[in-house]
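So the protein lines, in turn, are chains H and G. Per our numbering, residue 1 is the first one in the first sequence, and the count goes up by one each step. Per our numbering, residue 1 is the first one in the second sequence, and the count goes up by one each step.
Each hint should be verified, as a subset may be incorrect.
Simulated DEER-style distance windows between Cβ atoms [stated by the list, open to error]:
{"id": "1", "chain 1": "G", "residue 1": "Gln86", "chain 2": "H", "residue 2": "Leu49", "range": "42 to 48 Å"}
{"id": "2", "chain 1": "H", "residue 1": "Glu309", "chain 2": "G", "residue 2": "Asn62", "range": "22 to 28 Å"}
{"id": "3", "chain 1": "G", "residue 1": "Tyr76", "chain 2": "H", "residue 2": "Glu356", "range": "24 to 30 Å"}
Since the hints were derived computationally from the structure, they do not count as laboratory data. Just so you know, even glycine gets a beta-carbon here, dropped at the ideal spot from N, CA and C.
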Amino acid sequence: MTQTSRVKNLTASVAHIDVPPPKLQWMGHSMQWGTRVTKGEHGLRLGDLNVGIYGEIPQHWEDQSRRPRGAADLPGMPPLPYHLRSKHQVWADSAADLYEEAIQHRWIPATDIPWNALSPLPDDVERAVCQVLTELMQAANAELECITYWQEQMSYGYHEVKQLLAVTALTCARHIDAFRKRCLANGGGLGLESRGRMNRAILESRGGWTEAVVYVYVLRGFYIQNQYRFLLAHAHNAAERVIFAHCLADHARHMTYALDHLKYAINQQDGQRAVIQTLLSIGERTMAREMEEPVQRSALAVVFGGGIEGGRQEGMATWHALVRSAIHEYLDACEWLGVKRNMIHRRLNALLPSDEQLKPPARD
Amino acid sequence: MAAFPSVEWFNAVRERYNSDETLHTGGGGPCEAKAALCIGDHIYLLEFEGFECAEIRQIDRNDIDHVDFCLDMPLYEWVDMVNNIQQHGEADLHHTLSTMDLELEEGLARAPGDDQYKMDLFYRYNQNFQDFFNASAGVPTTITVMD
Numbered sequence: 001m002t003q004t005s006r007v008k009n010l011t012a013s014v015a016h017i018d019v020p021p022p023k024l025q026w027m028g029h030s031m032q033w034g035t036r037v038t039k040g041e042h043g044l045r046l047g048d049l050n051v052g053i054y055g056e057i058p059q060h061w062e063d064q065s066r067r068p069r070g071a072a073d074l075p076g077m078p079p080l081p082y083h084l085r086s087k088h089q090v091w092a093d094s095a096a097d098l099y100e101e102a103i104q105h106r107w108i109p110a111t112d113i114p115w116n117a118l119s120p121l122p123d124d125v126e127r128a129v130c131q132v133l134t135e136l137m138q139a140a141n142a143e144l145e146c147i148t149y150w151q152e153q154m155s156y157g158y159h160e161v162k163q164l165l166a167v168t169a170l171t172c173a174r175h176i177d178a179f180r181k182r183c184l185a186n187g188g189g190l191g192l193e194s195r196g197r198m199n200r201a202i203l204e205s206r207g208g209w210t211e212a213v214v215y216v217y218v219l220r221g222f223y224i225q226n227q228y229r230f231l232l233a234h235a236h237n238a239a240e241r242v243i244f245a246h247c248l249a250d251h252a253r254h255m256t257y258a259l260d261h262l263k264y265a266i267n268q269q270d271g272q273r274a275v276i277q278t279l280l281s282i283g284e285r286t287m288a289r290e291m292e293e294p295v296q297r298s299a300l301a302v303v304f305g306g307g308i309e310g311g312r313q314e315g316m317a318t319w320h321a322l323v324r325s326a327i328h329e330y331l332d333a334c335e336w337l338g339v340k341r342n343m344i345h346r347r348l349n350a351l352l353p354s355d356e357q358l359k360p361p362a363r364d
Numbered sequence: 001m002a003a004f005p006s007v008e009w010f011n012a013v014r015e016r017y018n019s020d021e022t023l024h025t026g027g028g029g030p031c032e033a034k035a036a037l038c039i040g041d042h043i044y045l046l047e048f049e050g051f052e053c054a055e056i057r058q059i060d061r062n063d064i065d066h067v068d069f070c071l072d073m074p075l076y077e078w079v080d081m082v083n084n085i086q087q088h089g090e091a092d093l094h095h096t097l098s099t100m101d102l103e104l105e106e107g108l109a110r111a112p113g114d115d116q117y118k119m120d121l122f123y124r125y126n127q128n129f130q131d132f133f134n135a136s137a138g139v140p141t142t143i144t145v146m147d
């Protein structure tokens, strides 16, 4: 029997059944009907939708269902494990705008990178580039896993943040993709796995999203950001230049959310500033040990110095400048957040280079 | 032929940048930022709105507090950057905004009041601003170097 004849038989067998008229009672359920948001100069953006009740963002969201903010609730829905239901645990005023920026500043590693611009590099430099990217890949993966772990626990009351973090996770995946492609497209391959001290600290942080943000972005974020800046300045070809320029812009967006969220959390939650201060005191030691790791340090120095020989002095001087910049930006951010760091961990302090270490080598 | 630095020169760059989407390599996304360009004795406000550079005008030093970030470097560095872009069609690696920010003793970008949030805009929109300056490669330019 063919499919068509089966349907005909079925239709004939149920033709006598009296189907009651639909009640369509669901049509009467809306918290606010007649809403007509119009697009502005830059289109219809997520933040533009926050009108009337749809723009009421509560301090605490009791609902543990998947009910979108502003939708009518269905009684009897069983609770789901949305543990982050207070605004101070997730919120940043910039979230909706950053979401729009993230989805519009998109790039495709497969086609937007001028891969044809790659050309053979000296073996030591190619190995160093691949090593650096192997570790950055792991860092991006830790960021991605951390975000997705917490994002699924965030209530739908703060959908702007949930959406932003979904795109942020995608951006991390894009970075991993681009780094892997760069490693495998120029005669090299992946390097040595990172010891991953900070990756472990980030992934094992279970205190809450705000605490995770401290680890991912405040403690390590500036180190990552400065690696992108310095790698962009030392790009060997247009492909690397495009990769690191995009990564820098993407990562800065992630940092903006992080700092905005922490500022909000500190202002809204008693004791949050002290909690962050404690986390930094604990985390600085781990971060310092990560920066001290000889593999990434020497690989970066070889990249900056243009080879093993140049890496010894010029490359190391540049690495010291990178570390100094990262630590100073970290301290500036702490000051901006109002979190005192008068006594940073001695190992981190020891990484601040002397003037001698920052001197480029004398040339003959 | 427009003289650098001048409002006329920046407007010529603005027109070229706004009218040619192929010059927008920074992901094609919008940019919302106001930057003050401190060039010698003059300060220019460069304002991006959405997908284009909306405005260029001269401002006073008192107005700097109202911008998101400043790009400030000695006049000869600005001239060097513009010359480099003219010669190569875009900034080479030593003359990008990002590299100059790293290599100049005092850096290039700073946010009024050391506002971290505003400072991040420099990194977030770095490519938009770089694309803008790279667009100057197609603008016939004379350099007016002031002592």
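Review point. H:Glu309 and G:Asn62, beta-carbon distance inside 22 to 28 Å?
Key: At roughly 51 Å between Cβ atoms, G:Asn62 and H:Glu309 fall outside 22 to 28 Å, so the hint is violated.
Review point. Does the Cβ-Cβ separation between G:Tyr76 and H:Glu356 fall within 24 to 30 Å?
Key: holds, 28 Å
Exercise for review: Note whether the CB distance of G:Gln86 and H:Leu49 lies within 42 to 48 Å or breaks it.
Suggested key: holds, 46 Å
Hint 2 from the list above is the single one not met by this structure.
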